[in-house]
Amino acid sequence: MYEFAYHKPSSVADAVKLLSADPEARPIAGGHTLLPALKHRLARPTALVDLSGIAELRGIRREGDKVVIGALARHAEVANSDAVKGAIPALARLAGTIGDVQVRNRGTLGGSVANNDPAADYPAAVLGLGATVVTDRRRIAADDFFTGMFSTALEPGELLVAIEFPIPEKAGYAKMKNPASRYVMTGAFVSRGPQGVRVAINGAGPCVFRQREMEAALAANWSPDAVANIRQSPDGLNSDIHGSAEYRAHLVTVMAKRAVADAG
Amino acid sequence: MPQVTLTVNGKKHTVEVEPRTLLVELLRETLRLTGTHVGCDTSQCGACVVHVNGDSVKSCTTLAVMCDGAEVTTIEGLARPDGTLHPMQEAFREYHALQCGFCTPGMVMSAIDLVQKNPQGLSEEEIRHGLEGNLCRCTGYHNIVKAIAAAQEVMHGRRKELARAAE
Ligand SMILES: Cc1cc2nc3c(=O)[nH]c(=O)nc-3n(C[C@H](O)[C@H](O)[C@H](O)COP(=O)(O)OP(=O)(O)OC[C@H]3O[C@@H](n4cnc5c(N)ncnc54)[C@H](O)[C@@H]3O)c2cc1C
Ligand code: FES
Ligand code: FES
Numbered sequence: 001m002y003e004f005a006y007h008k009p010s011s012v013a014d015a016v017k018l019l020s021a022d023p024e025a026r027p028i029a030g031g032h033t034l035l036p037a038l039k040h041r042l043a044r045p046t047a048l049v050d051l052s053g054i055a056e057l058r059g060i061r062r063e064g065d066k067v068v069i070g071a072l073a074r075h076a077e078v079a080n081s082d083a084v085k086g087a088i089p090a091l092a093r094l095a096g097t098i099g100d101v102q103v104r105n106r107g108t109l110g111g112s113v114a115n116n117d118p119a120a121d122y123p124a125a126v127l128g129l130g131a132t133v134v135t136d137r138r139r140i141a142a143d144d145f146f147t148g149m150f151s152t153a154l155e156p157g158e159l160l161v162a163i164e165f166p167i168p169e170k171a172g173y174a175k176m177k178n179p180a181s182r183y184v185m186t187g188a189f190v191s192r193g194p195q196g197v198r199v200a201i202n203g204a205g206p207c208v209f210r211q212r213e214m215e216a217a218l219a220a221n222w223s224p225d226a227v228a229n230i231r232q233s234p235d236g237l238n239s240d241i242h243g244s245a246e247y248r249a250h251l252v253t254v255m256a257k258r259a260v261a262d263a264g
Numbered sequence: 001m002p003q004v005t006l007t008v009n010g011k012k013h014t015v016e017v018e019p020r021t022l023l024v025e026l027l028r029e030t031l032r033l034t035g036t037h038v039g040c041d042t043s044q045c046g047a048c049v050v051h052v053n054g055d056s057v058k059s060c061t062t063l064a065v066m067c068d069g070a071e072v073t074t075i076e077g078l079a080r081p082d083g084t085l086h087p088m089q090e091a092f093r094e095y096h097a098l099q100c101g102f103c104t105p106g107m108v109m110s111a112i113d114l115v116q117k118n119p120q121g122l123s124e125e126e127i128r129h130g131l132e133g134n135l136c137r138c139t140g141y142h143n144i145v146k147a148i149a150a151a152q153e154v155m156h157g158r159r160k161e162l163a164r165a166a167e
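Heads up: the sequence lines are chains P and V, in that order. Under UniProt numbering, the first sequence has 38 at position 38, and the numbering climbs by one with no breaks. Under UniProt numbering, the second sequence has 47 at position 47, and the numbering climbs by one with no breaks.
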């Protein structure tokens with residue numbers, strides 16, 4: 001790794017000040033995406049702003065008809081949270097399948113969502129539940145947040161503070177894991193609730209996306225059969241050594257069926 | 001350079017580190033605790049697993065500065081001062097759960113975290129899933145799984161002594 005300076009602010013305001021004073025500084029949460037990138041010298045920040053001392057970024061709580069999860073919540077905390085397990089069990093299950101035990105002990109919700117890796121798990125839940133991303137300066141609807149491969153609506157220096165997940169009537173998640181890396185090859189997060197029916201597909205394309213045809217079919221008939229004959233076009237999907245765009249397109253239907261079955 | 005104070009295996013250390021120093025480098029190179037290994041250095045293999053505030057973490061993917069104030073336990077911190085092995089170490093020996101031994105320190109640290117967080121007991125399948133972050137190129141895992149299944153009985157007080165491998 002190249003050298004960098006290190007700051008450990010104790011408030012969101014101080015962190016934002018440090019980040020806006022130095023456009024080459026980067027926040028670090030669990031470091032399980034950023035440190036491997038620094039080791040590969042894919043990024044060369046002048047400074048890391050360690051978020052771990054900021055109490056405002058912590059906590060998982062139920063607030064009326066939503067569950068609010070702080071950006072620093074580690075995957076293991078979300079997986080084991082009674083509030084999440086009670087209100088949105090599919091979200092707790094999703095968190096419990098990210099990477100491995102040690103990744104779940106360090107990696108955070110905020111880091112995963114800010115990074116928007118096409119093969120990450122959380123973006124599917126954020127989009128599939130119609131969550132709201134709360135930052136230090138504004139609130140962003142999930143539909144406007146994920147803008148492309150590894151890209152989001154966050155401005156340089158803008159901190160993700162928490163995510164508000166509306167509590168659905170039903171929600172389910174299914175994914176095909178890459179057997180070596182365990183990252184998502186193709187996954188589907190489905191929900192029915194205050195925001196209607198939503199189907200979010202991750203892993204398949206350059207960025208998580210909604211499958212509107214499946215949403216319409218499930219709104220009319222909530223059952224795995226309703227999506228069984230809907231074919232996803234492979235146009236624009238990812239193609240790599242792990243699987244072709246056609247294979248991923250096929251998996252979209254299979255995973256959507258399994259996700260609806262998972263939701264019950 | 002930033003200073004960090006951390007307690008490693010019950011002993012407090014205050015050291016100066018460059019911000020880019022990894023926890024595993026601090027442990028191996030500064031504190032000379034070379035029981036923690038580096039296999040991949042890309043957060044895949046688990047050879048570098050130690051406990052930080054009671055959670056198993058990959059020390060090759062953790063900055064030392066971010067561990068200021070933390071309690072760290074490494075493989076060297078498990079046996080009692082008189083040399084009596086931790087039940088998990090004892091079980092690895094009894095069940096022949098290692099061959100070259102390179103993965104073993106990380107495997108043992110992951111296994112202890114897994115058992116401690118699951119007092120209800122783990123099935124064979126749960127043990128296998130719990131080890132997803134640890135790779136072993138020698139044993140084929142079967143004996144590691146058997147060792148952990150036996151050690152959990154002792155760690156949770158359901159048995160006084162480790163079941164012998166022949167039983
Ligand atoms: C072996 C391994 C397996 C993995 N498997 C999976 C998997 O199966 N599924 C999966 O989804 N992920 C997986 N991951 C990724 C893991 O979940 C990461 O921890 C996570 O994606 C990033 O979270 P982090 O807290 O580590 O973020 P960091 O690495 O600290 O940060 C990631 C990026 O987000 C930025 N950032 C962090 N926090 C904030 C914030 N609050 N506001 C604004 N920007 C912020 C950072 O500047 C950086 O650019 C895996 C990682 C490893 C090492
Ligand atoms: S050396 Fe840390 S995971 Fe391989
Ligand atoms: S005993 Fe050799 S790698 Fe596990």
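Source of the hints: derived by calculation from the structure; they are not laboratory data. Incorrect hints may appear among the rest.
[Unchecked claim] Footprint (simulated), chain V over chain P, 3 or more residues, beta carbon under 8 Å:
1. 34-46
2. 89-102
[As the list claims (entries may be wrong)] Computed footprint of chain P on chain V, listed as stretches where at least three residues anywhere in the stretch have a Cβ under 8 Å from a Cβ of chain P:
3. 11-20
4. 30-43
5. 73-85
6. 104-118
7. 124-133
C-beta atoms are modelled at their ideal positions from N, C-alpha and C, and glycine is treated no differently.
Checklist entry - Do at least three Cβ atoms from the segment 89-102 of chain P come closer than 8 Å to Cβ atoms of chain V? => result As far as the segment 89-102 of chain P goes, the hint holds, because 4 residues have Cβ atoms under 8 Å from chain V.
Checklist entry - Taking a Cβ-Cβ distance under 8 Å as contact, does the segment 73-85 of chain V have three or more residues in contact with chain P? => result violated (count 0)
Next on the checklist: For the segment 30-43 of chain V, count the residues whose Cβ lies under 8 Å from any Cβ of chain P; is that count three or more?
Outcome noted: holds (count 3)
Checklist entry - the segment 34-46 of chain P covered by chain V? Criterion: 3 or more residues, Cβ-Cβ distance below 8 Å. => result With 4 residues in contact (Cβ-Cβ under 8 Å with chain V), the coverage given for the segment 34-46 of chain P holds.
Checklist entry - Within the segment 11-20 of chain V, is the number of residues with a Cβ closer than 8 Å to a Cβ of chain P three or more? => result It holds: at least three residues are needed, and the segment 11-20 of chain V offers 3 whose Cβ sits within less than 8 Å of chain P.
Checklist entry - Three or more residues of the segment 124-133 of chain V near chain P by CB distance under 8 Å? => result Check passed, 3 qualifying residues.
Next on the checklist: Under 8 Å between beta-carbons, do enough residues of the segment 104-118 of chain V, three at least, approach chain P for the coverage claim to hold?
Outcome noted: holds (count 3)
Taken one by one, the earlier hints fail for this structure only at number 5.
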